[in-house]
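Protein chains: 2
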Amino acid sequence: MRLTICPFTLELREPFVLAVGSRTETPAVLVELHRAGLVAYGEVALPPYLGWTQDAVCQALARVVWPHDLDPLNLDALLAAASAAVGDLPPALAALDIALHDLFGKVIGQPLYALWGLDVARIPPTSFTLSIGTPEALRHKAAQVTAYHILKLKLGGSHDRAAVAAVRDMTDRPLSVDANQGWHDRSAALDLIGWLAEQNVLLVEQPFSPNRVDDHAWLTERSPLPIIGDEAIRSVADVVAARGVYHGVNIKLAKCGGLRAAHAMLTVARALGLKTLLGCMTETSCAISAAVQLSPLADWVDLDGAALIANDPFEGGAQLIDGRLVPCSAPGVGVRPKAHRGS
Amino acid sequence: MRLTICPFTLELREPFVLAVGSRTETPAVLVELHRAGLVAYGEVALPPYLGWTQDAVCQALARVVWPHDLDPLNLDALLAAASAAVGDLPPALAALDIALHDLFGKVIGQPLYALWGLDVARIPPTSFTLSIGTPEALRHKAAQVTAYHILKLKLGGSHDRAAVAAVRDMTDRPLSVDANQGWHDRSAALDLIGWLAEQNVLLVEQPFSPNRVDDHAWLTERSPLPIIGDEAIRSVADVVAARGVYHGVNIKLAKCGGLRAAHAMLTVARALGLKTLLGCMTETSCAISAAVQLSPLADWVDLDGAALIANDPFEGGAQLIDGRLVPCSAPGVGVRPKAHRGS
Chain A
23 MRLTICPFTL ELREPFVLAV GSRTETPAVL VELHRAGLVA YGEVALPPYL
73 GWTQDAVCQA LARVVWPHDL DPLNLDALLA AASAAVGDLP PALAALDIAL
123 HDLFGKVIGQ PLYALWGLDV ARIPPTSFTL SIGTPEALRH KAAQVTAYHI
173 LKLKLGGSHD RAAVAAVRDM TDRPLSVDAN QGWHDRSAAL DLIGWLAEQN
223 VLLVEQPFSP NRVDDHAWLT ERSPLPIIGD EAIRSVADVV AARGVYHGVN
273 IKLAKCGGLR AAHAMLTVAR ALGLKTLLGC MTETSCAISA AVQLSPLADW
323 VDLDGAALIA NDPFEGGAQL IDGRLVPCSA PGVGVRPKAH RGS
Chain B
23 MRLTICPFTL ELREPFVLAV GSRTETPAVL VELHRAGLVA YGEVALPPYL
73 GWTQDAVCQA LARVVWPHDL DPLNLDALLA AASAAVGDLP PALAALDIAL
123 HDLFGKVIGQ PLYALWGLDV ARIPPTSFTL SIGTPEALRH KAAQVTAYHI
173 LKLKLGGSHD RAAVAAVRDM TDRPLSVDAN QGWHDRSAAL DLIGWLAEQN
223 VLLVEQPFSP NRVDDHAWLT ERSPLPIIGD EAIRSVADVV AARGVYHGVN
273 IKLAKCGGLR AAHAMLTVAR ALGLKTLLGC MTETSCAISA AVQLSPLADW
323 VDLDGAALIA NDPFEGGAQL IDGRLVPCSA PGVGVRPKAH RGS
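Listed in order, the protein sequences are those of chains A and B.
The numbering of the first sequence is the working numbering, which starts it at 23 and goes up by one.
The numbering of the second sequence is the working numbering, which starts it at 23 and goes up by one.
These are calculated hints, taken from the structure and not from any lab test.
Heads up, the beta-carbon is just placed ideally off N, CA and C, and yes, glycines get one too.
A few of these clues could be false.
[As the list claims (entries may be wrong)] Reference excerpt, derived from the structure (chain A facing chain B, CB under 7 Å, subset only):
#	residue
1	99
2	136
3	137
4	139
5	141
6	156
7	158
8	286
9	289
10	293
[As the list claims (entries may be wrong)] Listed next, with one range per pair, are the computed distances between beta-carbon atoms:
#	chain 1	residue 1	chain 2	residue 2	range
11	B	213	A	239	35 to 45 Å
12	B	219	A	210	49 to 59 Å
13	B	332	A	341	52 to 62 Å
14	B	84	A	295	57 to 67 Å
15	A	193	B	84	47 to 57 Å
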């Protein structure tokens, strides 16, 4: 089995402004697995705030050695080989995990959701993210984005109420809000959340820095809206630790190491009574279409990443239908490179 | 899709003696799903101590109505229909769940372990159960049973040390012991376990009645051997509750409602740091071969149920190879009815 590794720069349609900074590009790594006439695709995006570099991911991927008696259906053995090679670098594992699952589905001839026995009718609507901006810019954007039934607002600054009010000028669609660790005072956060609960807001992501465990637990005990851990949640151990600290967890393939880990995290979260949000980075339709395959297991979906980039190299994956991202019926993840159009 | 429901009486090769009683038969229910030329098989055994009757299971199964737009790969929708019909009756759901998974595998053309991406090289050896008997009978049986690398002893009476010593007269193979709630005094139990730890015993199942949560937690904190909950563990919620009470959990398809639930329980147990034992009832090679498909996920395996019955109506499923029960490569669960031999 041949692995190709390709650094790639995602160009954002609009500058992406968060509480922690702004950017116009996201580094990513694309991988391909070639095996017996099949080509499988994987990807991971590397937003700088996570601290993982394109170089480190490419170098880790180059170390992978597959088992001699390679069986493309033996994901356990293949993922063990991948883990052994990349070590503690979840995004490298995520790219391989997605490609291995794509190959798995292509060998069998079924999309992944079908191989997991999932019901696509259970997929929740996906939210679409409006990045931090002036009230005027938010009003303009909220009016423009009509295909999504839920809007997500990046908050965590000093103008949070003005931002929500601006969007509410234009639409009564439900909102989710993401503080991205941008809040600092827990009483002020609780006051704000009380107000947000009257604005048809569904949930609040990561109010404070993840190391403020007691403050999150305090807020979770009192908040009228679900408090969802995001930056705090990278592994199944983090899901277990989230009980009593958050109402729910945001699970992203790039953070946790891919579909295998995300599937386990969704199962464990449900068992522990935690709500689940399936999220993403700004990334291509490859990683998005992979995550969509798991989305019947999630309570909320925030998989707008491919809609935020201008140079998606893939096509044919998940499609937005009536506000829901729905996987296509093609085997595996379901995407193909645009260059191969017509093949 | 047509469902056939057949009450069946399992005849035991030898009377099965537990701390709670003895019996020579086990009631069971066999089911078949007929769909587009495929026939899928399911089963549940109903040992009387669990309190579920053959009649109740058959009546519940007869209530099942499949979705109109039935898709055999949409296990979520099919299991939801099954659950809705059978209600809170895990064994009825287990029989349907096994048959639905068998059909799922047959439609796709792969054994279930492959569809879960599992590595059969990780399957642990299975234990073989010696029922309660005189030291002489135990010595005889221990010498006779040579194909299994681990023996399991049913304890919980007044002659536990004598029973273990009798087996130790004949073999130094590792033992697991199952008290089946038969112990009553926690200090005496801890003393006995201390002695068992010197006898190459691997684990201890269900020392006391499951409602004695504090006593199990006390014992788990002090025991040199892993304490495994069995009768206490019927659902994923029981797995969550087992943390701090037991070192591990015994997961059986008949108790929990089948492969879907068992898979989730194995995942959750591992996330919580609990050990996992995949167990069984006295049952045919249908239910055993179903459980074997999940066994790469378990720390220990106790799937001797089909070896204990004299009238197994199935063949061709999991095979005992060097002490390990290994699934066959046939699609789905992998068994076929003996009457169909040669077809």
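| task | Could you check the structure against the hints above and give me the numbers of any it violates, in ascending order? | result | The structure breaks hints 6, 7, 14; every other hint is satisfied.
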